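J.: With chain A fixed as given, assemble chain B onto it according to the hints.
Number of protein chains: 2
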Amino acid sequence: MDKYWFTYDDIHRTVRDLAGRVKASGFETDAIVAIGSGGYIPARILRTYINKPIWAVGISYYDENDNPTDNPRKMQWIDEVERKLAGKRILLVDEVDDSRTTLEYCIRELLSHKPAEVAVAVLHNKRKEKRGTLPPEVTRYFTGLDIEDRWVKYPWDAVDIDEQDANAAAARTRA
Amino acid sequence: MDKYWFTYDDIHRTVRDLAGRVKASGFETDAIVAIGSGGYIPARILRTYINKPIWAVGISYYDENDNPTDNPRKMQWIDEVERKLAGKRILLVDEVDDSRTTLEYCIRELLSHKPAEVAVAVLHNKRKEKRGTLPPEVTRYFTGLDIEDRWVKYPWDAVDIDEQDANAAAARTRA
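Line by line, the protein sequences give chains A and B.
Under our numbering, residues -16 to 158 are what the first sequence spells out, in order.
Under our numbering, residues -16 to 158 are what the second sequence spells out, in order.
Bound-form chain A, shown alone:
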């Protein structure tokens, strides 16, 4: 069992749990910032439980010439959103905290626009040594589920959703 297979309903329930943790902490979200494109689906589901506007930001791991790079690059950042960040309590959402480099990059960008607070909410956190670090300004970090360092198969990446469901069911039986 070397991969995690999740159904959409698994994801939905994990977001519900994640939202519950955010609310139980007392954090008052002003806006959800979704890291694209992995954060779009978790962020949209999260809005059902924490009804705040979603601002989307994009990160690219390709340089201007479409060559892969190790360093994330701003792809879609919004002047209007950047102006709005000041003084706001931001909940930054992504699907997975893997090496933590994307999160660190996004948090540092957000912090440069003087929000009141940046909290992080990820669907899945991989228990592993991280290359990125959470800046000390981030005092709240929420996860839906903490998992081992294995490949995660998300339902939205499935070409055949029935196959995804079958694999998720089989993985559940083995577990």
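Among the hints, erroneous ones may be present.
Which copy is meant is left open, because identical chains are indistinguishable; a pair holds if it fits in one copy or across any two.
As the list claims (entries may be wrong) - Subject to a maximum C-alpha distance of 30 angstroms in a straight line, what follows is the list of computed BS3-like cross-link-like pairs (lysine-lysine):
(1) K97 with K136
(2) K97 with K67
(3) K(-14) with K67
(4) K(-14) with K35
Don't read these hints as lab results, they were simulated from the structure.
Nothing here was measured: the structure is a model prediction, and the numbers come from that model.
T.: Positioned in the frame of chain A, the structure of chain B alone reads:
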């Protein structure tokens, strides 16, 4: 049976069909533009079949003072994206074509930045008289499913996903 209830897997299969129609038409997508927040989930699934970057735009039906308004307003539009639109073939994605006002608004905004082509792809089109119109520049319009003018219950809006699935199953039995 006055409402449509969809499961996530229903949505996923509808996006697969929608992507198939886009590809069968010969339309060569350069970038997917997702209308937030309803378009985020369909757009992200679509990317599994049409692997192009997603640019997110936001529309608000609230004015600057948080009062409801009938006229959509730009909430999140990206200078960087706007600069990138020129000469590109854009696939504009939303979850539902209801009154068509949001679509018309977004298409007109996109057209003002001189894309090569704007095609529209919606998960669901409601068969009804539309208040908005598709500008003549839009020569391609794709739908995943054409439906009657009833309330649509999307899975991502469900507080209880098991209840959503049960309602979807019951609606299927009645149909």
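J.: Does each hint fit the structure? Answer for all of them.
T.: Verification of the supplied hints:
In this assembly of identical chains, the alpha carbons of K97 and K136 never lie at most 30 angstroms apart, being 36 angstroms within a copy and 38 angstroms across copies at closest. When the C-alpha separation of K97 and K67 is checked against a cutoff of 30 angstroms, the pair qualifies both within a copy, at 10 angstroms, and between copies, at 28 angstroms. Within a single copy, K(-14) and K67 get their C-alpha atoms no closer than 40 angstroms, and across copies no closer than 37 angstroms, so neither meets the 30 angstroms cut-off. With identical chains, the CA atoms of K(-14) and K35 are at most 30 angstroms apart between copies only, with a shortest distance of 26 angstroms across copies and 33 angstroms within one.
Checked against the numbered hints given earlier, this structure breaks hints 1, 3; the rest are met.
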